[in-house]
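There are 2 protein chains.
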Amino acid sequence: MSERNLPSALVITEGMLHTDDAKTAHGLIRGTERFRIAGMIDSMHAGKDAGEMLDGRNRNMPIYASAEEALQKAGKIDYCIVGVATVGGILPPLFLQIISTCIKNGVSIVNGLHDYLNDKPELVALAKEHGVSLTDIRRPKKREDLHFWTAEIFSVKAPILAVLGTDCSMGKRTTCRMIRQACAKEGIHAEMIYTGQTGWLQGGKYGFVFDSTLNDFISGEIEHAIVSCWKETQAELILLEGQSALRNPSGPCGSEFLVSGNAKLVVLVHAPKRIHFEHLPEWGEIPSVRSEVALIKAYGSEVIALALNTSNCTREEAFAFQRAYEKELGIPVLLPLEEGVEPIIPVLRSHLKTRTV
Amino acid sequence: MSERNLPSALVITEGMLHTDDAKTAHGLIRGTERFRIAGMIDSMHAGKDAGEMLDGRNRNMPIYASAEEALQKAGKIDYCIVGVATVGGILPPLFLQIISTCIKNGVSIVNGLHDYLNDKPELVALAKEHGVSLTDIRRPKKREDLHFWTAEIFSVKAPILAVLGTDCSMGKRTTCRMIRQACAKEGIHAEMIYTGQTGWLQGGKYGFVFDSTLNDFISGEIEHAIVSCWKETQAELILLEGQSALRNPSGPCGSEFLVSGNAKLVVLVHAPKRIHFEHLPEWGEIPSVRSEVALIKAYGSEVIALALNTSNCTREEAFAFQRAYEKELGIPVLLPLEEGVEPIIPVLRSHLKTRTV
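Note that the protein sequences, when read in sequence, are chains A and B. Quick note on numbering: our numbering labels position 65 of the first sequence as 65, and the sequence is numbered without any gaps. Quick note on numbering: our numbering labels position 6 of the second sequence as 6, and the sequence is numbered without any gaps.
Chain A with its partners taken away, still in its complex shape:
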């Protein structure tokens, strides 16, 4: 589908576009194959371009001060997407007003918070009145749509690579997308399994929303996504978007990908300037990359590259960290935003080769 035919969407980040909580919006700015992003609604940053704000690259995504302004200036809009993932998953009150205005103007709403729009009777009534839909991406699937793990994963012949991180909101999904794109350029057919709401918003066909899945079904949903993807696409390489971090105390995650998803290869994302989990000293210090690599090895998987999130680093610091980690770990260290992820291609090729022999 060309971008022209995609449904058009506004993204609400009201007052939060500059924060990590707006990572859903950041992902949509970086790229989606499900929507054409027509702009943002965020009065704090109105007048700027969202792409320029994110990484200095103008993407013709204006930031509007209000729903009214956006709906007046952005052309025909099909959807309005809640662009934040707040701690606690609660819909910020200001968002509710914006959502109501959109509904009254015939715009459907897509929401990835745990706070479901379909549980708010006044919104449901308003949506009905105006003939629009309310989609709660994170609403758990019904029992009959969930899968148990069956061991079928061991029939997948393509190598499976998980992009894990040493903390949340570090760029795991973005790194994963970039690796897929780099593979495509090099003629390697890689497919990506999304595991978060943003992955779905970006157009992912195979995957599930990890944190709104009942724990008993996580392993089966991972397996089902990988096996379906591999059977239907015959991809040479399967990429898994990781979630959280193996030792993030607020939600340790990762062993599911390594064990149930049989990901024997790992790209680890790390932010050298981030000291504490989710920036909160009381949550404890993020362990060293070396110890994370050892933990992953204890699970029987191999970290084949480190990718650095160079937030708060000068360009010089970024390259200095790259050299230091390469020396310490003896594996390629990627700087996705500075250099792209292409240096991983030869390593991937060697693993593809090993498998086909």
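Derived from the structure by calculation, the hints contain no laboratory data. Be a bit skeptical, because a hint or two may be false.
Note that identical chains are pooled: a pair holds if it fits in a single copy or bridges any two copies.
[Stated by the list, open to error] Here are the simulated DSSO-like pairs of lysine-lysine, each with C-alpha atoms no more than 30 Å apart in a straight line:
no., residue 1, residue 2
1, K297, K157
2, K104, K120
3, K353, K264
4, K297, K264
5, K297, K273
6, K264, K185
7, K231, K297
8, K120, K231
9, K76, K353
10, K120, K264
11, K23, K141
12, K157, K231
13, K327, K297
14, K128, K142
Starting from the structure of chain A, add chain B where the hints point.
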């Protein structure tokens, strides 16, 4: 509450009491402070005593051939409990008939399967007609009753010990209960956090049902259970009932206890004669105890004792495994069923001491 005052309950295991799937029933036979178990319904094993079948010890728990027989002979019955945890969590069809008969005789039903009784309109109508309740223990809690992780766990001063295993259905919960009882005898105030339906059925006050909790809330529910327990009871030691195994591919589990539950101490349960995860060769081999101890160490926690599930071992083999693992690992190796768990007490005391200095 004395056992006399507990509500009386029958347990249905129809045709399955001898299988691992009946571990819910096995737990109830071993002991519960929530019900007085009046007998089993299982036509395959009718006439025997459930305790004798489990471990040779008569507990005056007759096995009846049918609901009709049980209701006629077992005296007044308040509850009937579904005593199995089937793969897939589906209610076996034969159970449905037994449940209907119980309801028609004024008996309330307790069910721990994912297949909820309250989703079956005919049962709901029948229960209403006869004025009895249908309790689905595994029905997920509502959003407002769930907790996010907050780091309050780090304020708990008592050591936290997780009982983990190298596979499912190995005796983690039973080992955990035995340690609590051994502590009580020795004057150590230990409390146990349940994490499965059977733990609740056995009368656990603090805990939650792990596998029917949305993944995003697991860490917070663990923390909330531990913090509440510690604040309200001022226990000297908190014991956590583990679930599954760190590397069980059908549902890897354990890091939540170590990381979010801050369990720095671990008792690891292992069955030396079990080769494959859940006895299924296609699921892969259970890794060595040594590698499991190393994996737990990579998470920053310490295995202070191994407990052996001596299923399929002769008595001589059991003691030989004990000597061999003690030599290999240099930690106490418990044989809970042969010798009890008392040998762990001195090790626990040393950790309690360290903490209070």
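Each hint, compared with the structure:
Taking identical chains as interchangeable, the C-alpha atoms of K297 and K157 lie at most 30 Å apart only when both belong to the same chain, with a minimum of 21 Å there against 32 Å between chains. Taking the closest pair of Cα atoms, K104 and K120 come within 30 Å of each other only inside a single copy of the chain (16 Å); across copies the shortest separation is 39 Å, beyond that limit. Within a single copy, K353 and K264 get their C-alpha atoms as close as 15 Å, which meets the 30 Å cut-off; across copies the closest is 42 Å, which misses it. With identical chains, the CA atoms of K297 and K264 are at most 30 Å apart both within one copy (9 Å) and between copies (21 Å).
For the identical chains of this complex, K297 and K273 are neighbours both inside a copy (24 Å) and across copies (26 Å), given an alpha-carbon limit of 30 Å. Within a single copy, K264 and K185 get their C-alpha atoms as close as 24 Å, which meets the 30 Å cut-off; across copies the closest is 47 Å, which misses it. Taking identical chains as interchangeable, the C-alpha atoms of K231 and K297 lie at most 30 Å apart only when both belong to the same chain, with a minimum of 28 Å there against 38 Å between chains. Within a single copy, K120 and K231 get their C-alpha atoms no closer than 40 Å, and across copies no closer than 36 Å, so neither meets the 30 Å cut-off.
Proximity of K76 and K353 under a CA criterion of 30 Å is satisfied in neither setting, with 49 Å inside one chain copy and 70 Å between copies. In this assembly of identical chains, K120 and K264 lie within 30 Å of each other by CA distance neither inside one copy nor across copies; the values are 43 Å within and 43 Å between. Proximity of K23 to K141 under the C-alpha cut-off of 30 Å is found in both arrangements, the shortest distances being 23 Å within a copy and 28 Å between copies. Taking CA atoms no more than 30 Å apart as the test, K157 paired with K231 passes inside one copy only; the shortest distance there is 10 Å, against 51 Å between copies.
Taking identical chains as interchangeable, the C-alpha atoms of K327 and K297 lie at most 30 Å apart whether they share a chain (19 Å) or sit on different chains (26 Å). For the homomeric pair K128 and K142, the shortest alpha-carbon distances inside one copy (23 Å) and between copies (26 Å) are both at most 30 Å.
Hints 8, 9, 10 from the list above are not met by this structure, while the remaining hints are.
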